[in-house]
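Line order of the protein sequences matches chains H and S.
So the first sequence is numbered by my numbering: it starts at 1 and just counts up by one.
So the second sequence is numbered by my numbering: it starts at 1 and just counts up by one.
These are computed hints drawn from the structure, not numbers from a lab.
For each residue, glycine too, the CB sits at the ideal point set by N, CA and C.
Any given hint might turn out to be false.
[Said to hold, decoys possible] Chain H side only, calculated, beta carbon under 10 Å to chain S, not exhaustive: (1) I5; (2) T65; (3) E139; (4) G195; (5) R196.
2 protein chains.
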Amino acid sequence: MGYQILPLTRLIEHFERLPGIGKKSAQRLAYHVLNMPREKAEDFARCILDAREKIHRCAVCQNLTDVEKCPICSDETRDGTTICVVESPQDVQAFERTREYNGVYHVLHGLISPMNGIGPDQLYIKELLKRIQAGGVSEVIMATNPTVEGEATAMYLSRLLKPLGVRVTRLAYGIPVGGNLEYADEVTLYRALEGRSEI
Amino acid sequence: MGYQILPLTRLIEHFERLPGIGKKSAQRLAYHVLNMPREKAEDFARCILDAREKIHRCAVCQNLTDVEKCPICSDETRDGTTICVVESPQDVQAFERTREYNGVYHVLHGLISPMNGIGPDQLYIKELLKRIQAGGVSEVIMATNPTVEGEATAMYLSRLLKPLGVRVTRLAYGIPVGGNLEYADEVTLYRALEGRSEI
Numbered sequence: 001m002g003y004q005i006l007p008l009t010r011l012i013e014h015f016e017r018l019p020g021i022g023k024k025s026a027q028r029l030a031y032h033v034l035n036m037p038r039e040k041a042e043d044f045a046r047c048i049l050d051a052r053e054k055i056h057r058c059a060v061c062q063n064l065t066d067v068e069k070c071p072i073c074s075d076e077t078r079d080g081t082t083i084c085v086v087e088s089p090q091d092v093q094a095f096e097r098t099r100e101y102n103g104v105y106h107v108l109h110g111l112i113s114p115m116n117g118i119g120p121d122q123l124y125i126k127e128l129l130k131r132i133q134a135g136g137v138s139e140v141i142m143a144t145n146p147t148v149e150g151e152a153t154a155m156y157l158s159r160l161l162k163p164l165g166v167r168v169t170r171l172a173y174g175i176p177v178g179g180n181l182e183y184a185d186e187v188t189l190y191r192a193l194e195g196r197s198e199i
Numbered sequence: 001m002g003y004q005i006l007p008l009t010r011l012i013e014h015f016e017r018l019p020g021i022g023k024k025s026a027q028r029l030a031y032h033v034l035n036m037p038r039e040k041a042e043d044f045a046r047c048i049l050d051a052r053e054k055i056h057r058c059a060v061c062q063n064l065t066d067v068e069k070c071p072i073c074s075d076e077t078r079d080g081t082t083i084c085v086v087e088s089p090q091d092v093q094a095f096e097r098t099r100e101y102n103g104v105y106h107v108l109h110g111l112i113s114p115m116n117g118i119g120p121d122q123l124y125i126k127e128l129l130k131r132i133q134a135g136g137v138s139e140v141i142m143a144t145n146p147t148v149e150g151e152a153t154a155m156y157l158s159r160l161l162k163p164l165g166v167r168v169t170r171l172a173y174g175i176p177v178g179g180n181l182e183y184a185d186e187v188t189l190y191r192a193l194e195g196r197s198e199i
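Just chain H, same shape as in the assembly:
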């Protein structure tokens, strides 16, 4: 609008690109940053860089971590014979909140979705196969969201894994169909885990 303050405009643009942030919110956030104490703003900027630089996928389960092998995969008290396959790191957190699951995880980082051009090759399926071929795994729990993509991915994986001699199970439909795992409450999620059935 005639007189623009470039550093402010650019910051507003960055906030606007974040998911769920509109034009008005982006402005409010940018002005908030201007009024932050200098150290707070510096720390905020550093945290963005740190998160982007230091966090990567665990060499085993592909969950996000800031160490080579994530704390869950390194934990010797956890049952390495059961692998719970999920779509995203947020889903791992949801299961950890139940405090009832003692196996390990495998994070696919997505679901098969032909509509969005995402095929099996874009997911971390090869890494899952490698873990099972290495032996010591007796059960794989398909814990993808109960949506079309989640079901399709679970079916695809179960066909791929069964020939390898592992038991493949699916979360029980305690979770509401069409819903989102990340928002399920602890009890529902635990029931779904208990009532899992062979596919």
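Knowing the structure of chain H, use the given hints to seat chain S on it.
Just chain S now, kept in the frame of chain H:
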């Protein structure tokens, strides 16, 4: 929850402290940052620092700018005899959007609010007095929000300025009482500017 990724947790905390961002949104934003291309994340961090470092108050009108004297104060085509007094830089932008006001501004950076412990000394009132004492100003338009604090600030300032021999006016009540200047549409704002009256 047992296994935390420190850089991620800290980034989530930063987002949570922003206005209007809840726990769930903060998580979503942080995960979004993790998935950003590296250059995007670096640019985002740099923009936060840049905005905080390069933007300061204009030496004359106290509006935010990245140069010594803001483009509005430096613009010789603008009418320096009329000063529009506003609460915040966002209000200046709202007036500029009308494209009808050709005077200059003075940004108070707040309103008198005894409830929140904000007195006249915490606002940029001394700087306004200095501009008027320097001469060449014939009218001061009180364009604070039509709220209790906005009215109180306008009254306080008008009593302070009238003895200096300037005409002090107030925006017409074309703007809805109790509303917020920043969200007024251009036409309403222009009507309010046209119908201003002496106080």
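Quick rundown of the hints versus the structure:
1. I5: holds, 5 Å
2. T65: For H/T65, the interface hint holds, since the closest Cβ of chain S sits about 6 Å away, which is under 10 Å.
3. E139: Because about 22 Å separates H/E139 from the closest Cβ in chain S, which is outside the 10 Å limit, the hint is violated.
4. G195: With a minimum Cβ separation of about 24 Å from chain S (threshold 10 Å), the hint on H/G195 is violated.
5. R196: Not OK, violated: H/R196 not within 10 Å of chain S, min 22 Å.
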